[in-house]
Amino acid sequence: MEVAHSIDVNGERASFDGLLEEYAIPCEVAAQCSDILTRVDCQLGKLEQKPEDLSDKPPLPSKPTLKEILDEVEKELAEIEDRSQPFIETITSSSNLIRKIEQTLRTWKINPKKANIKNASLPEKSSQETLLTAEQSLSELERRFKEIDKTATRCSNILARISHFNKSLKLKVTEVPIQKVPFPPGEKFFTFVEARLSEIGNALMANKSNEALTKELLTIKATISHVMEQVPEAKADIIKQTLELRSLVDLVKQSIRANPELQAIHFELLSLREMVKEIDELMKVESNMGRCGTTVFFEVWVPKLQLEKVVEEIKNITQGKCVIEEAPPTSEDVVPTVIKPVPRFFEAFEKLTFSLGYPRPEEVNPVLLMAITFPFLFGIMFADVGQGAILLALGFILLYFRGKVDINKVGDIMRYFIVSGGLFVLCGTSAIIFGFLFGEFFGPSGVLHPILLAEIGPFQIGGFDPMHEPLSMLRFAILVGVIMLSLGLVMRVVNNVKKRRPKSALISSFWIWLLLGGFFMWVYWGGISNITRWFAEGTFMFLGLIVTPVALIGIVTATAGSIMEGIDFSIEVLIESLDHTISFSRLAALFLTHTALNYMFLIIAGVENGVFTLQSIPIIMIGSILALSIEGLVVFVHCLRLHWVELLPEFYSGKGIPYEPLKVK
Amino acid sequence: MAPTVMASIGAAVSIITSAISASYAILSCAPALASVTSEKPELGSKLLIAIILGEALAIYGLLIAFMIISNLPAITTEEAGLRAILAGITMGGTAATASVGISYCGPALMTATVEKPESYTVNILGLVLSEALAIYGLLIAFMLNV
Chain A
1 MEVAHSIDVN GERASFDGLL EEYAIPCEVA AQCSDILTRV DCQLGKLEQK
51 PEDLSDKPPL PSKPTLKEIL DEVEKELAEI EDRSQPFIET ITSSSNLIRK
101 IEQTLRTWKI NPKKANIKNA SLPEKSSQET LLTAEQSLSE LERRFKEIDK
151 TATRCSNILA RISHFNKSLK LKVTEVPIQK VPFPPGEKFF TFVEARLSEI
201 GNALMANKSN EALTKELLTI KATISHVMEQ VPEAKADIIK QTLELRSLVD
251 LVKQSIRANP ELQAIHFELL SLREMVKEID ELMKVESNMG RCGTTVFFEV
301 WVPKLQLEKV VEEIKNITQG KCVIEEAPPT SEDVVPTVIK PVPRFFEAFE
351 KLTFSLGYPR PEEVNPVLLM AITFPFLFGI MFADVGQGAI LLALGFILLY
401 FRGKVDINKV GDIMRYFIVS GGLFVLCGTS AIIFGFLFGE FFGPSGVLHP
451 ILLAEIGPFQ IGGFDPMHEP LSMLRFAILV GVIMLSLGLV MRVVNNVKKR
501 RPKSALISSF WIWLLLGGFF MWVYWGGISN ITRWFAEGTF MFLGLIVTPV
551 ALIGIVTATA GSIMEGIDFS IEVLIESLDH TISFSRLAAL FLTHTALNYM
601 FLIIAGVENG VFTLQSIPII MIGSILALSI EGLVVFVHCL RLHWVELLPE
651 FYSGKGIPYE PLKVK
Chain B
1001 MAPTVMASIG AAVSIITSAI SASYAILSCA PALASVTSEK PELGSKLLIA
1051 IILGEALAIY GLLIAFMIIS NLPAITTEEA GLRAILAGIT MGGTAATASV
1101 GISYCGPALM TATVEKPESY TVNILGLVLS EALAIYGLLI AFMLNV
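As given, the protein sequences belong to chains A and B, one line each in that order.
Heads up, the first sequence is in my numbering, so the first residue is 1 and it goes up one at a time.
Heads up, the second sequence is in my numbering, so the first residue is 1001 and it goes up one at a time.
Bound-form chain B, shown alone:
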């Protein structure tokens, strides 16, 4: 397979998987937020963080896909192509894992916060730690590609 084709596959994997992950995270957090804000609208701005962190996954995927595509002229060897594919897979995979975490922790955080707003600081840990997984993947994917 030509190295550029491999790199393109990597870009596609990165953006598609990240977009699906972001969509899944938002899909589970947004309805929970909607029901929370119908009861306590003042918590909305505080809990919006779950949706934004979910959405950020797509931006990371976009970043890696874009980096690969802008690097295409430099990808001439099979090794570089493989690295591009790996970067895409790393980004997509970590985004997917982060998405699973967010989509479980986000709604739980919201329901807990409605009952006890003071539990927010502890419960947000689950959310941000799952999100950190995607950041780690993003860093590694970036280094693979440079």
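Pulled out of the complex, with its shape left as it was, chain A reads as follows:
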């Protein structure tokens, strides 16, 4: 089998081999890349430098392929490694010495981190010599410390023996002169003292009252005690010297680090690191491309406006050795949407809108519309001049911080707040405006009187006290709902026109007709309870405003698809629009909740007829904090819900994919 196989492809074999080799290169290069990165990091570790990112990227050497660039980088790295060898040796030995000193200090029961002595002067010797002498003096110090330790043990032994004599012989303690002994006394001294002590002991046992011997014993005791007293001082001295030694070694290490050549090496290593990282990124991009021999194939989305620039750039890079095929998206393609950035002031609205989903390419991006409607609805539910002003001030503070603080470095909740400075400002302004319309200042305190803005039929815009006329408020909410839903339908028409779907645009405009017509009927004949009069006296109006659009919707839908589907769709939308209109009554309900909450605190604080006494202010403050936090959050969520469920789905699919340009970090 094997033979047959090789014979079959024999003619082509040479070229296949070449292909396989070409294919193998990327894997090799990738391995080489990570290998170099490890080596650079290792070198940095040896030099005890941190692998940090450089702010300005070094340019890559101009070579045709990544493989050659990597080879170049590797060569450079090898050279740097040679150059840094002596530095590595000194740094390693000094670090080892420091570690050793700290180890020693630890065996002496001293925390090396707490004890610190600064030694300012650096000797004139070369760093290697200094390190050598430092090591020697360290072993010398260790030896001396051990000796002192030993001395201390022996001294205490001797003192124990003497006190033993003292007890058994009951000697009189008298003042005796101290014999001067060098410190630390040598081995000979102790041997002598111990031998002498045994003699004296034996002699004293035999003859209990030998004054000369007693005196000698006391002299020995005094001398040894004196030696003993010197021990802690000597120990402290040695520790101090050791600490000085450590600071000296530290200084040596710092002087090596401050060496300009080492700094240069450090910088070169970092720039190599950057280069390798960039190559790594490039390779990641390349791995998404089809590759065969020396040919590369790729397919990308390009925004229409930048098409020419991109084509030109590709031609430049490849020196014309390229084939570019421009193809408009087909109907099966999912086209990514180029999302235009909005001003930073509106970024919170962008986040809120895109939480629902991204726009399709042919849809209007509703961020700016939302920046109008969201504060509008929020203001109705949160109408209050005082608390609106607080929101406004808070918004300005947040906007101020937005410019100062790096939002990636603050906590999650804080980031949400800082980003929504613009939202606070707009919502606060809207709340102040509606506060004037409904006469609210920290609740219905009586400071302001409601201002009537307009009166359309039974609808009053402002000019009434909603606490006592909840029905007027409800009517106002429904009016707002109808306006909002018509706005949504208008946007739907716009989108359908943009999508080149004339039939859908037509249906949507009939819906506006039906919605406004139904609303007008409801208002004209005085509510749903008079529905019988719609058919009696208002037949023509009923025909014109309700029946005609419904019929038209039915006809157009039926011609668009199957009839059953058309009916289904119409009934669904009919129920939905009724439901959505009624849903806006929550504007009234939440406004009443807000004002009632504030009213409660006004009563508790004893505010009457707009007179805020001094004692009432703390209670009003607590009420406002409660209203701004809990109640504000509820209002915010309802606002969001009105957009996500009622308004935006009228015209916004949210099924787009954002266009993210190919980037090499």
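Hints listed in this document are in silico derivations from the structure and should not be mistaken for laboratory results.
Errors might be hidden in some of the hints.
With a straight-line Cα cutoff of 25 Å, these simulated SDA-like cross-link-like pairs (lysine to any residue) come out [claimed, not checked]:
| # | chain 1 | residue 1 | chain 2 | residue 2 |
| --- | --- | --- | --- | --- |
| 1 | A | Lys499 | B | Ser1119 |
| 2 | B | Lys1040 | A | Phe417 |
| 3 | A | Lys340 | B | Thr1121 |
| 4 | A | Lys351 | B | Pro1117 |
| 5 | A | Lys351 | B | Ile1052 |
| 6 | B | Lys1040 | A | Tyr358 |
| 7 | B | Lys1116 | A | Tyr358 |
| 8 | A | Lys304 | A | Pro661 |
| 9 | A | Lys315 | A | Lys663 |
| 10 | B | Lys1046 | A | Leu506 |
| 11 | A | Lys655 | A | Leu506 |
Go by the hints and put chain B onto chain A.
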């Protein structure tokens, strides 16, 4: 029974039932949110809506109870007292129904969103429609009491 006593009963019914409903809704949504955020913390802010809507039920109950109590001096007839009781019962009852809806739809919404974030817009409907029940009750209770 004195009209004021009846009205007080109405206030008590309103706040107690609404608080129990809110507690039940939060009780079932918060653990689901906790487990979601342990996997995908970025969904937390989006799904917090379920808990806030649950909590809002207690605020509605508080509102009606407060309205009844602040109206007490005006409640002199038996009819007004009955209306107050009815307002409390309406608010409490609708809050309870909304709570049942939220406590079923909220966790379901959360588990679905973890798997398929794009299903969020459809699935949130169950949640907000159940919550709307309480809003309707709130409006009617308010009108009964005025």
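Evaluation of the provided hints:
1. A/Lys499 with B/Ser1119: 24 Å, holds
2. B/Lys1040 with A/Phe417: Holds, at roughly 21 Å.
3. A/Lys340 with B/Thr1121: Given that 25 Å is the threshold and the Cα spacing comes to 23 Å, the pair holds.
4. A/Lys351 with B/Pro1117: It holds: about 15 Å lies between the C-alpha atoms, which stays within 25 Å.
5. A/Lys351 with B/Ile1052: Answer holds: A/Lys351 to B/Ile1052 is near 19 Å, not above 25 Å.
6. B/Lys1040 with A/Tyr358: Distance of about 20 Å is within 25 Å: holds.
7. B/Lys1116 with A/Tyr358: Given that 25 Å is the threshold and the Cα spacing comes to 15 Å, the pair holds.
8. A/Lys304 with A/Pro661: 13 Å, holds
9. A/Lys315 with A/Lys663: Given pair A/Lys315, A/Lys663 holds - Cα atoms ~19 Å apart, limit 25 Å.
10. B/Lys1046 with A/Leu506: Not satisfied, since the Cα-Cα distance of roughly 35 Å exceeds 25 Å.
11. A/Lys655 with A/Leu506: Holds. A/Lys655 to A/Leu506 sits at ~23 Å (cutoff 25 Å).
When the structure is compared with the earlier hints, a violation turns up for hint 10 alone.
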